[in-house]
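Enquirer: Residue strings, one per chain:
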Amino acid sequence: DTAVSQTPKYLVTQMGNDKSIKCEQNLGHDTMYWYKQDSKKFLKIMFSYNNKELIINETVPNRFSPKSPDKAHLNLHINSLELGDSAVYFCASSRDPTNSPLHFGNGTRLTVT
Amino acid sequence: RKEVEQDPGPFNVPEGATVAFNCTYSNSASQSFFWYRQDCRKEPKLLMSVYSSGNEDGRFTAQLNRASQYISLLIRDSKLSDSATYLCVVGVAAGNKLTFGGGTRVLVKP
Chain A
1 DTAVSQTPKY
11 LVTQMGNDKS
21 IKCEQNLGHD
31 TMYWYKQDSK
41 KFLKIMFSYN
51 NKELIINETV
61 PNRFSPKSPD
71 KAHLNLHINS
81 LELGDSAVYF
91 CASSRDPTNS
101 PLHFGNGTRL
111 TVT
Chain B
1 RKEVEQDPGP
11 FNVPEGATVA
21 FNCTYSNSAS
31 QSFFWYRQDC
41 RKEPKLLMSV
51 YSSGNEDGRF
61 TAQLNRASQY
71 ISLLIRDSKL
81 SDSATYLCVV
91 GVAAGNKLTF
101 GGGTRVLVKP
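Protein sequences, first through last, are from chains A and B. Heads up: the first sequence is residues 1 to 113, going by the working numbering. Heads up: the second sequence is residues 1 to 110, going by the working numbering.
This is chain A alone, in the form it adopts within the complex (with noise of 0.2 Å):
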């Protein structure tokens, strides 16, 4: 049984299209979150939700936008691709928004052409 999971795993697509993330976890989790991670392998924060609220809302232009329909879930979508939108992008859920371990889906390699 996959706690988090996400799809789809890879994603290819050309500058300018609209694409979704989805994401879901059966853990019973109240916070979910979207993390990017780049080339550089650096992990950043994009949003968090907790209770379907919107928690943390990073520097991250107005084109990305999440969708938490309910606790369970937690998607992302993109307008409007870019180039430098191509990263590993990882759902994660934890029990609280501080104090918890992160729960990683298995990541969404986005490649923009």
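Quick caveat, the hints were computed from the structure, so don't treat them as lab data. Please note: incorrect hints may appear among the correct ones.
Claimed, not checked - Here are the simulated DSS-like pairs of lysine-lysine, each with C-alpha atoms no more than 25 Å apart in a straight line:
#1 A:K67 / B:K97
#2 A:K36 / A:K22
#3 A:K22 / B:K42
#4 B:K109 / A:K41
#5 A:K52 / A:K19
Since chain A is already given, all that's left is putting chain B on it; use the hints.
Expert: Relative to the frame of chain A, chain B by itself:
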């Protein structure tokens, strides 16, 4: 100064040797600390939480030094399978955020 900093390495370690490395954090209000391991092209996985009194899990020992604001990870009797990038994570209640360091790469060689 970055919020969480790590020596990127790589640390080249002979099999069976001991290796240790630190992670420094800038916010004195930090209250939660973790070590993660990330293999190439994989997701980060929790290695261990770091407690105030220090803690050990098999060959791995984590320490917290609040006065100097760093955490450390020590790996004893290194195995080839310990080769990975080790990420430290620091949590601050204000801001509801867990921040990752850039990672320390460890290469264990026969």
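Enquirer: Please go over all the hints and tell whether each is borne out by the structure.
Expert: To see whether the hints hold, each was checked on the structure:
Restraint check for K67 (chain A) and K97 (chain B): satisfied, since their Cα atoms lie roughly 19 Å apart, inside the 25 Å limit. With a C-alpha separation of about 14 Å, the suggested pair K36 (chain A) and K22 (chain A) falls inside the 25 Å cut-off, and the hint holds. For the suggested pair K22 (chain A) and K42 (chain B), the alpha carbons sit about 18 Å apart, so the restraint of at most 25 Å is met. Proposed proximity of K109 (chain B) and K41 (chain A) is supported: the alpha carbons are some 23 Å apart, at most 25 Å.
With a C-alpha separation of about 21 Å, the suggested pair K52 (chain A) and K19 (chain A) falls inside the 25 Å cut-off, and the hint holds.
Violation of the numbered hints given earlier is absent; every hint is satisfied by the structure.
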